[in-house]
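Q: In case you want the letters, here they are:
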Amino acid sequence: MIELKDLTVRFGGVTALDAVSAVFTAPVSGIIGPNGAGKTTTMNVVSGFLPAAGSILYNGEVISRLSPHQRARWGLRRSFQREQIADDLSVIDNLRVMLDTLPGSSSQKRADAENALRVCGLEGRAHTLAATLNTYERRLTDVARCLVGSPKIVMLDEPAGGLTQEETQHLGDLILKIHPLTGASTLLIDHDVDLISRICEQTLVLDFGRRIALGPTQTVLEDPNVQAAYLGMEEVN
Amino acid sequence: MKSKQATFILAMGLACTLVAWGKPLAVIGLFVVSGMAVGSLYALGGVGLVVLYRTTGVLNFASGAMGAAGVMLAWQLGQWGWYEPMTWVAGLALATGLSLFYGRLIAPHLAARDTVVKAVATLGFALIVLGATSFVWDDDVRSFTLPSDQMAIRLLGLRVTVTRLIVFLTTVALVIGIWVYLEHTRMGLQMRALANDRHISSLIGVRILKVETIAWGMAGFIAGFTGLMFGDLVRLEPNIITFVVIPSIAAAICGRLDSLGMVLIGGLFIGVLESLLTLSPWLKSVRTVAPFVVAIAMLVLLQSGNRLLFGRDE
Amino acid sequence: MKPRVTFGTAMLLMAAAAIMAFLPMILGGQWIKILTSAVCFSIAAAGAGFMYARLGMVSLAQVGLMGVGGWVVLRLNHGFDWPFEINLAIAAAVTTVFGWVLALPALRMRGLYLALITLMAASGLEIVFSTFRFPNGGEGFWGVLPSVAAPFRRPLLAQSDADYLRYVIGMLVLGFAVIEWHRQSAPGRAWAMIRRSEAAAMSSGVSVVYYKAWAFGLSGLLAGTAGGLLAGALGLLDPATFRASESIMLFALAVVGGARFWLGAVLAGVLYRVLPGLFNNWGWDADLTLVFFGAALLHALMTAPDGIAGQIHGLLRGRGGQKS
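Chains as they are written, first to last, in our numbering: chain X, 1 to 237; chain S, 1001 to 1314; chain U, 2001 to 2324.
No wet-lab data here; the hints were simulated from the structure.
Computed from a predicted structure; not experimentally measured.
All C-beta atoms, glycine included, are put in the ideal place defined by N, C-alpha and C.
All clues stand as given, with none of them false.
Partner residues are not named here, just some residues of chain U that face chain S (Cβ under 7 Å, in silico):
hint : residue
1    : P2105
2    : L2112
3    : L2116
4    : M2120
5    : S2123
6    : G2124
7    : I2248
8    : L2290
9    : V2291
10   : F2293
11   : L2297
12   : L2298
So that you can see chain X by itself, here it is in the shape it has in the complex (with noise of 0.2 Å):
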C-alpha cells in the first residue's frame, strides 16, 4: 500500500503540487491529468528529486526521509519519460549497475538479472550495447532495471511513449507480471486511455496540481469533472 500524504511543490510562485494525498492499494495504480497536472512532479518528488512538503509511506513505513538513492536501494524504481539506460554498457550490466548497490552474492544477481530480461523477452540482447538497441527495446530494458533487486514500489512515467499498438499491448501485459512476480506495486503514468483501463485498479487524477479524483479507474473516467478537466470546461458542480 502507498500513501502519499499532502504532498505539496513550491517553485518560485507556482505551486506544482497542492497538498495532493491519496492512498493506492492496487497492484497497478494509474495516475493521469492534462499536461502540466503534476504527475511527472509526483514521481519526482517520490523519487526524492524535489524539495516537497509531506510525506510518503509504503505499508505504513516513511520513506520521504531518505536521500534518493537510498530509496532506490530500499526498492523504489523508476522509469523515466525518456528512457535513462547508459548507452555505454550491455543491456544486461545496465540492469547491474542497479544490483550493484544490494547486498547478495553474485550468482544471486546474475540469476536475477537474467530472469528480468527473460520476463521482459530481452535475454537475448543481454549482452548488446544498449546503444545499438532500438526504442522498443530501450524501453524494455528501463523497465526490466525495475524488476531487479526485489523492488517494493515501481514507478513507469509514460513507458508506452514512442511504441507501436502492438508494443503498447505487450508492455502492457508485461506490467501486469509486475505484482505476481515481485510483489511490487505500481505507478503508471501515461496518455494512453486504453492502457490505462486496461491494467490500472485504481487510478489518480491530477490538474493543476490538484487531485480531482482517485478511484476504480472505470469510475473515475466516467467522473464530469474528470471529463471537464480533459475538455477544459468549467466545473460541473
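Since the structure of chain X is provided, determine the placement of chains S and U on it from the hints.
A: For chains S and U alone, kept in the frame of chain X given last:
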C-alpha cells in the same frame, strides 16, 4: 539564500579584520583602498563572465587573454606615438573583436554541447590568444600608464590615485548599469529570457543570434576594459593578465554564477583580503591564493542547502 | 563476470613488453630522459582523460597535483631513509587526499564548478610551489637548501636511466590496468550511469557524490604517482614545471590525444614533452606551442571528440581490429 549571503559577508569581514588586526589605521586604509580598486576589477570581470554565461551558457575562460591582447596593443600603439585615448579605443576594440569573433564563428559549432565542453573550448581559445600575444611581444619589462596615475586626491586622510578612483567608480557604475540594463530594457529582458530557457525563447520570437552577439560584445568590452586597468594597476605582462581571469571566476562563484550583487561584493572582498594579506608576515607570499580560498569557502557554504541537480541547470 | 582481455589489450601488453625490453637500448641518453618524462605525464594524462571521457568531469589541476606528489617524494627522500616505493606510495596517497579536499565541495554541484575549482587550485599551487620551492635536502617542513641538492635514491630495480625508463613504462601499464579494472567492475558501471544522467544514477541506487569522489581520487592517485616518478627521474623539481598553464595544456592534450583510449594518454604525454623539443630544434618560438595546442584542442572538441587515438581506432576497426 539570504542567510547564506549574510554568513559569507560576515565571514569575509571577520577574515579581513583578523588579518589587519593591530596595524596602524593609515596603513590599513592604504591597502584597503588599493584592494578595493583591484577588487572592483575582479568583480567587473566576474560580472562579464556571469552575464555571458547566463545568456549563452558559455563560461569564457579566455576573457583575461582577450583583455591582455587589448592592453598590449594599446601599449604598442602608445610606443608608436599614437594619441593616447585612441590607443585605449584600439585596445578595447581588439578585445571586443576577439570576443565577437569567438562568439559568432566558433561558439555556434559547440552550441549543442554541455556547458563544461563549451567552457573547455574557450580554454583552447585562451591558449591561442595567449600564445599569439606572447609571441608578438617577447618577455620584457614594460609598463602601461594612464594620465590619471599622476593625479591623486585626499580621501579621509588617504592619498588615492585618480586611476584607482576611476576604476572603482567606473566598475560600480558598470555593474549597476548592467543590472539596470538587464532588468529594465527590452534587450536585457531578452537576454534574461535566453538565460532562462534558450529553446522556448526562440519559440516566442527572441532573436537569439542578435541577443547573443550583444552579449559577446559586452563581454569583450568588459574584458578589454579590465585588461587595460590591470595592465595599469598590476603588471603589463600577457601571462599575468590572462590568469587574472581566475580571481574573476572566484568572484563569479561568490555570486553563484547568477547574482550580480554578490559578484560585486565577492570581488571587492577578494581584492581587499588579498591586499590586506600583504600586511601579514607569514601569509604575504601566498596572498594571491586568497581568491581560491574565498571561492572554496563560498562553495562549502552553498553545500549545506543540498541542491539537487534536477533543476533547470543542464 | 571475468574481465575480458580484448584484442586491443593483448596488443598493448605485447607492445609494452617489446618497448620496455628494446627501446632503451636503441635510444641515446637525451631521448631516454625525454621519453621518461613523457611517460610520467602520460600517467597523469590517463588520470585526467578517463575522468573526462567516462564522467565528463574536467580537472584542470592534474599537473599541479603531480607537483604535490613530487614534493612529497622529494621531502621523504631527503628526510628519511625509506625505499623509493614507500615514498611513492605515500606520495600517491597524500595527493589523493589533497585532491579530495580540493574537489569535494565542487562534486555536489554542476560539473562546471569542478573545472573552475581545479583551475583555481592549479593557480594556487603554482604560487605555493614558486614561493616555497621543492625540497632538496634542507631542514624544516619545506626542506629547501639555497644551493646544492642532496642525492636522490632511485628504486633498487632501476638505478640507471635506461632501467628507470622501463620502470616507468611498467608503472604506466599498471596505471592502465587499474583504470581498466575499475571500468569493468561496479565503479565503471556506476560511472557510465552517472554519465547518462545523475537522475538515472540515483534511481539506480548509485550515490553520485561517492562515485564522483572515487573517480577524482583515482585521478589524483595517478597524478601523485606520476609526480613522484618524475621526481625520481629528475632528482630535483622546478616550480616552472607545475604552472597552472601546464595543467591546462596537459588536459587539452589528453582530449586531443583521445581521452577514451590508452593510446590517447600515451599520445598526450608524447605531444606534451616531445613536441616542444622538436619545435625548439626547428627554431619555432615556444609560445607557438601554446597556439598549436589551443588550436588542436578546439579542433578536437569541434570535429574529433575521440581525439587522434579515436581516429586511429576507427581506421583499425575498419580493418577488423577492436577498440580497447
